[in-house]
Amino acid sequence: MSPFRAGLAVAATAGLAPVLVAQGLRVRRTTPRLPGATGPRHGSVPGPDPLRLLVVGESTVDGVGARTHEEALTGQLAVALASRLHRGISWRVAGRTGANARTVRSELLDEACREPADLLVVALGVNDTIELRSPGRYRCDLLALVVAARRALGPVPVLLAGVPPLRAFPALPQPLRLVLGLRGEALDTAAATLAALPDVTYCPVPGEVVDPALFAADGFHPGPPGYRLWAGTLADAVGRSLGAPGRAGSAGPNG
Numbered sequence: 001m002s003p004f005r006a007g008l009a010v011a012a013t014a015g016l017a018p019v020l021v022a023q024g025l026r027v028r029r030t031t032p033r034l035p036g037a038t039g040p041r042h043g044s045v046p047g048p049d050p051l052r053l054l055v056v057g058e059s060t061v062d063g064v065g066a067r068t069h070e071e072a073l074t075g076q077l078a079v080a081l082a083s084r085l086h087r088g089i090s091w092r093v094a095g096r097t098g099a100n101a102r103t104v105r106s107e108l109l110d111e112a113c114r115e116p117a118d119l120l121v122v123a124l125g126v127n128d129t130i131e132l133r134s135p136g137r138y139r140c141d142l143l144a145l146v147v148a149a150r151r152a153l154g155p156v157p158v159l160l161a162g163v164p165p166l167r168a169f170p171a172l173p174q175p176l177r178l179v180l181g182l183r184g185e186a187l188d189t190a191a192a193t194l195a196a197l198p199d200v201t202y203c204p205v206p207g208e209v210v211d212p213a214l215f216a217a218d219g220f221h222p223g224p225p226g227y228r229l230w231a232g233t234l235a236d237a238v239g240r241s242l243g244a245p246g247r248a249g250s251a252g253p254n255g
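Under UniProt numbering, the first residue of the sequence shown carries the number 1, and numbering increases by one thereafter.
Keep in mind the hints are simulated off the structure, nothing from the lab. Just to be clear, a hint being listed does not mean it is correct.
[Said to hold, decoys possible] Listed next, with one range per pair, are the computed distances between beta-carbon atoms: (1) P48 x P173: 47 to 55 Å; (2) T30 x R87: 43 to 51 Å; (3) A217 x P116: 36 to 44 Å; (4) D218 x V21: 15 to 23 Å; (5) P170 x R67: 16 to 24 Å; (6) P18 x P40: 39 to 47 Å; (7) H86 x S106: 33 to 41 Å; (8) D211 x G136: 30 to 38 Å; (9) P155 x V21: 38 to 46 Å; (10) R114 x P204: 27 to 35 Å; (11) D211 x T68: 18 to 26 Å; (12) L242 x T30: 41 to 49 Å; (13) A213 x P46: 29 to 37 Å.
Backbone N, C-alpha and C fix where the C-beta goes; we use that ideal spot for every residue, glycine too.
Hey, can you work out the whole structure from these sequences and the hints?
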């Protein structure tokens with residue numbers, strides 16, 4: 001993201017503050033509150049030499065928009081990884097609706113890292129955007145999370161999922177959608193710089209995931225088809241980083 005667009009996001013936030021506050025309150029009041037996914041927060045995909053997958057993050061990791069974690073991001077990522085890597089996957093979820101990068105590190109990570117993992121996936125950014133975190137602050141919080149996780153787990157590979165493009169969320173009216181979209185892009189650009197660290201991979205959210213037809217009923221979270229598409233993109237990124245070429249067509253429980 002260019003410095004001009006980042007500056008535009010800050011200026012628009014200040015200049016449109018009364019309108020943005022009013023719209024934000026209305027969205028919070030009128031948007032359906034969907035629960036997180038139900039059922040076990042761990043599972044497995046059968047196969048040889050199982051890879052231990054840990055996914056941490058906000059409501060998308062909590063599985064909002066899906067009935068179970070098998071239909072949500074982590075379960076579908078496990079299936080996609082098993083297909084691409086030709087090995088079993090043992091997966092665990094540590095997600096909380098409303099969490100930002102700082103609270104994931106301070107309140108969820110210790111418990112999540114008590115069991116070993118071979119791959120850490122981090123999916124954050126929407127709440128940090130809504131809370132008007134600066135790109136620098138978000139980058140620092142993500143970096144602290146990665147450092148803390150590796151202190152507990154060892155030098156595991158880390159995949160950072162990009163910040164979902166809020167500019168395309170159906171639940172958000174204009175100009176709130178535009179301003180949050182710009183701010184989210186700035187945080188996404190900051191997160192991408194962490195890919196310079198050893199064994200850290202950054203994977204942007206593909207535009208196809210924010211097709212309105214793939215959203216859940218709240219217009220704010222993916223439904224199972226959106227999670228499946230996103231999971232396939234993340235699995236391709238893992239395959240490339242581990243030296244296993246991605247294959248056409250993402251795998252998932254429904255196809």
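Quick rundown of the hints versus the structure:
1. P48 x P173: 47 to 55 Å: Holds - the Cβ-Cβ distance for P48 and P173, about 50 Å, lies within 47 to 55 Å.
2. T30 x R87: 43 to 51 Å: holds, 45 Å
3. A217 x P116: 36 to 44 Å: Check passed, 37 Å falls within 36 to 44 Å.
4. D218 x V21: 15 to 23 Å: Holds, at about 21 Å.
5. P170 x R67: 16 to 24 Å: Hint holds: Cβ distance 21 Å, inside 16 to 24 Å.
6. P18 x P40: 39 to 47 Å: Roughly 45 Å apart at Cβ, these two residues keep to the hinted range, so it holds.
7. H86 x S106: 33 to 41 Å: Distance hint for H86, S106 holds at roughly 37 Å.
8. D211 x G136: 30 to 38 Å: holds, 32 Å
9. P155 x V21: 38 to 46 Å: holds, 44 Å
10. R114 x P204: 27 to 35 Å: holds, 31 Å
11. D211 x T68: 18 to 26 Å: holds, 22 Å
12. L242 x T30: 41 to 49 Å: holds, 44 Å
13. A213 x P46: 29 to 37 Å: Once the Cβ atoms are compared, 32 Å apart, the range 29 to 37 Å for P46 and A213 holds.
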